[in-house]
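Visitor: The primary structure of each chain is shown beneath.
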Amino acid sequence: MGGPHWAGRIRLKNLGRLLPLLIFGGGLFLVRLTKGAVFLDTYAFLSRPFWPGPAQKEWLRNGFSIEQQTKLRLLEQDNRRLRVLLALKKSSSARQISAAVISRQTQGWWHQLEIGKGQLAGISADDPVLGPGGLLGRIQSVTPTTARVRLLTSPSSRIGVWVPRTGRHGLLVGMGTSRTKLVFLDKGSSALPGDVVSTSPASTLLPPNLPVGVIQSLNNQVPLEPQAVVQLIATPAAVDWVQVQLR
Amino acid sequence: MGPLYKRPICVLSGFTVPWLVLVSPSWLSLSGVGPCWAVLWLLPWALEDGWVSGMIAGFFLGILLDAISLGGATYVPALVALGWWWGKLGRRSPLLEGSLNLGLLAWIGSAVVGLSLGAQFLVKEFGESIFWLLHWSFLTLLSQSIVTGLVAPIIASLLLLLWRRKRPIPFLEKTRLRKFARNRKK
Chain A
1 MGGPHWAGRI
11 RLKNLGRLLP
21 LLIFGGGLFL
31 VRLTKGAVFL
41 DTYAFLSRPF
51 WPGPAQKEWL
61 RNGFSIEQQT
71 KLRLLEQDNR
81 RLRVLLALKK
91 SSSARQISAA
101 VISRQTQGWW
111 HQLEIGKGQL
121 AGISADDPVL
131 GPGGLLGRIQ
141 SVTPTTARVR
151 LLTSPSSRIG
161 VWVPRTGRHG
171 LLVGMGTSRT
181 KLVFLDKGSS
191 ALPGDVVSTS
201 PASTLLPPNL
211 PVGVIQSLNN
221 QVPLEPQAVV
231 QLIATPAAVD
241 WVQVQLR
Chain B
1 MGPLYKRPIC
11 VLSGFTVPWL
21 VLVSPSWLSL
31 SGVGPCWAVL
41 WLLPWALEDG
51 WVSGMIAGFF
61 LGILLDAISL
71 GGATYVPALV
81 ALGWWWGKLG
91 RRSPLLEGSL
101 NLGLLAWIGS
111 AVVGLSLGAQ
121 FLVKEFGESI
131 FWLLHWSFLT
141 LLSQSIVTGL
151 VAPIIASLLL
161 LLWRRKRPIP
171 FLEKTRLRKF
181 ARNRKK
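Quick note, the sequences are listed as chains A and B, same order.
Numbering follows the numbering used here, with no gaps: position 6 of the first sequence is 6.
Numbering follows the numbering used here, with no gaps: position 113 of the second sequence is 113.
These are calculated hints, taken from the structure and not from any lab test.
Ideal Cβ positions, reconstructed from N, Cα and C, are used throughout, including at glycine.
It cannot be assumed that every hint is accurate.
Stated by the list, open to error - Derived Cβ-Cβ restraints for the label pairs, each shown as a range:
1. Ile63/B to Leu120/A: 25 to 33 Å
2. Glu58/A to Arg7/B: 58 to 66 Å
3. Leu192/A to Val11/B: 39 to 47 Å
4. Trp19/B to Glu67/A: 29 to 37 Å
5. Gln96/A to Pro25/B: 28 to 36 Å
Claimed, not checked - Calculated cross-link-like contacts (lysine to aspartate or glutamate; reagent style DMTMM-like; alpha-carbon spacing at most 25 Å):
6. Lys71/A to Glu58/A
7. Lys117/A to Asp66/B
8. Lys124/B to Asp126/A
9. Lys117/A to Asp240/A
10. Lys124/B to Glu225/A
11. Lys181/A to Glu225/A
12. Lys124/B to Asp66/B
13. Lys187/A to Asp126/A
14. Lys181/A to Asp126/A
Can you make the complete structure from the sequences, with help from the hints?
Guide: Now the structure itself:
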């Protein structure tokens with residue numbers, strides 16, 4: 001009669017001893033299941049003060065930017081010299097002025113921007129307007145202190161462009177959406193998705209070699225006029241300041 | 001023509017329309033398309049002031065809006081037609097200021113403006129881009145009419161109340177209103 005009582009007490013005692021071990025094992029199992037999330041998060045939290053600060057990141061970025069600017073300046077000098085030799089229109093000697101965007105309609109019936117500088121600043125109709133990344137549109141009308149920009153996405157916008165890789169010309173037509181349509185003037189476009197589209201180097205209306213967009217897809221089903229959908233580089237919906245290139 | 005046009009404050013309120021178009025608050029838009037402010041202003045004006053005043057207001061408002069847009073299509077025909085229609089409607093049934101009625105009228109008005117602009121663009125840019133233009137016109141029309149219809153019960157009602165206060169209700173109209181309300185109760 002006393003045997004089983006005694007045996008039960010021993011079993012409970014052993015279980016009591018094993019309990020911390022079981023809890024520890026369970027904890028480890030959980031760590032395994034969560035792929036060490038607790039450890040990693042704790043490590044990240046504790047080591048945060050020692051992470052590389054923004055100063056170092058900024059320093060690296062500045063270094064890269066200076067390098068790129070130097071390269072660009074050298075290339076522009078080269079380009080200018082060659083254009084003079086070829087008797088083509090100058091590209092970067094034109095004066096650029098910055099203007100704030102005071103009103104924007106980038107969706108809807110009108111695709112236009114109103115900018116805070118106008119005739120008094122020397123802006124005139126048809127001046128190209130640039131945003132970060134590339135061409136945004138052209139000045140449609142000016143008042144003494146404001147100017148209206150017709151965006152490239154506007155259905156009535158048409159500009160001559162070319163694909164530098166293939167050297168083929170085309171007409172960039174606005175479609176009312178954030179993308180534009182490129183209608184190639186030649187039969188065989190030989191362009192590919194990912195090709196950059198820029199203003200023509202021989203353009204007289206727009207400054208040459210301004211980046212415009214990237215070809216997203218091609219439609220070669222129209223044999224005489226192959227077409228492509230172009231995603232613009234500069235997005236007017238997010239631009240607060242623009243550069244107007246005076247002609 | 002009703003007496004609203006005699007009140008400078010009422011006429012000047014029309015100049016807020018191009019300002020609102022220029023400001024185009026992004027928080028009050030659907031797919032980036034804001035409400036048709038011209039419709040929101042013209043609806044209470046025409047309902048209150050009659051069809052002649054509505055047509056004239058629509059014409060001037062159209063010219064004002066054409067001045068601040070890129071061109072290629074004009075607001076004038078649609079706004080003049082709406083001014084006429086709403087003016088006639090206001091004279092026929094004086095109790096149109098219910099939120100649902102105003103919302104519905106504004107929704108239809110915005111769709112009419114959209115159809116007119118879209119048709120003008122389609123005629124002008126007719127070509128291979130027709131599919132894209134149709135798609136764009138439809139999306140813009142739909143977004144704008146929905147936003148306008150949703151905003152109209154607030155803005156148009158407020159304007160209507162404001163202008164009702166500015167204009168004393170003539171005796172005859174008052175009796176008509178009372179009679180209408182009595183019949184409704186019955």
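Visitor: Now look at each hint and say whether the structure bears it out.
Guide: Okay, the hints, checked on the actual structure:
1. Ile63/B to Leu120/A: 25 to 33 Å: holds, 26 Å
2. Glu58/A to Arg7/B: 58 to 66 Å: Since Glu58/A and Arg7/B have Cβ atoms about 60 Å apart, the given range 58 to 66 Å holds.
3. Leu192/A to Val11/B: 39 to 47 Å: violated, 59 Å
4. Trp19/B to Glu67/A: 29 to 37 Å: violated, 47 Å
5. Gln96/A to Pro25/B: 28 to 36 Å: holds, 30 Å
6. Lys71/A to Glu58/A: This hinted pair holds, its Cα atoms lying about 20 Å apart.
7. Lys117/A to Asp66/B: holds, 21 Å
8. Lys124/B to Asp126/A: holds, 21 Å
9. Lys117/A to Asp240/A: Holds, at about 13 Å.
10. Lys124/B to Glu225/A: holds, 21 Å
11. Lys181/A to Glu225/A: Satisfied, since the Cα-Cα distance of roughly 12 Å is no more than 25 Å.
12. Lys124/B to Asp66/B: holds, 16 Å
13. Lys187/A to Asp126/A: violated, 30 Å
14. Lys181/A to Asp126/A: holds, 21 Å
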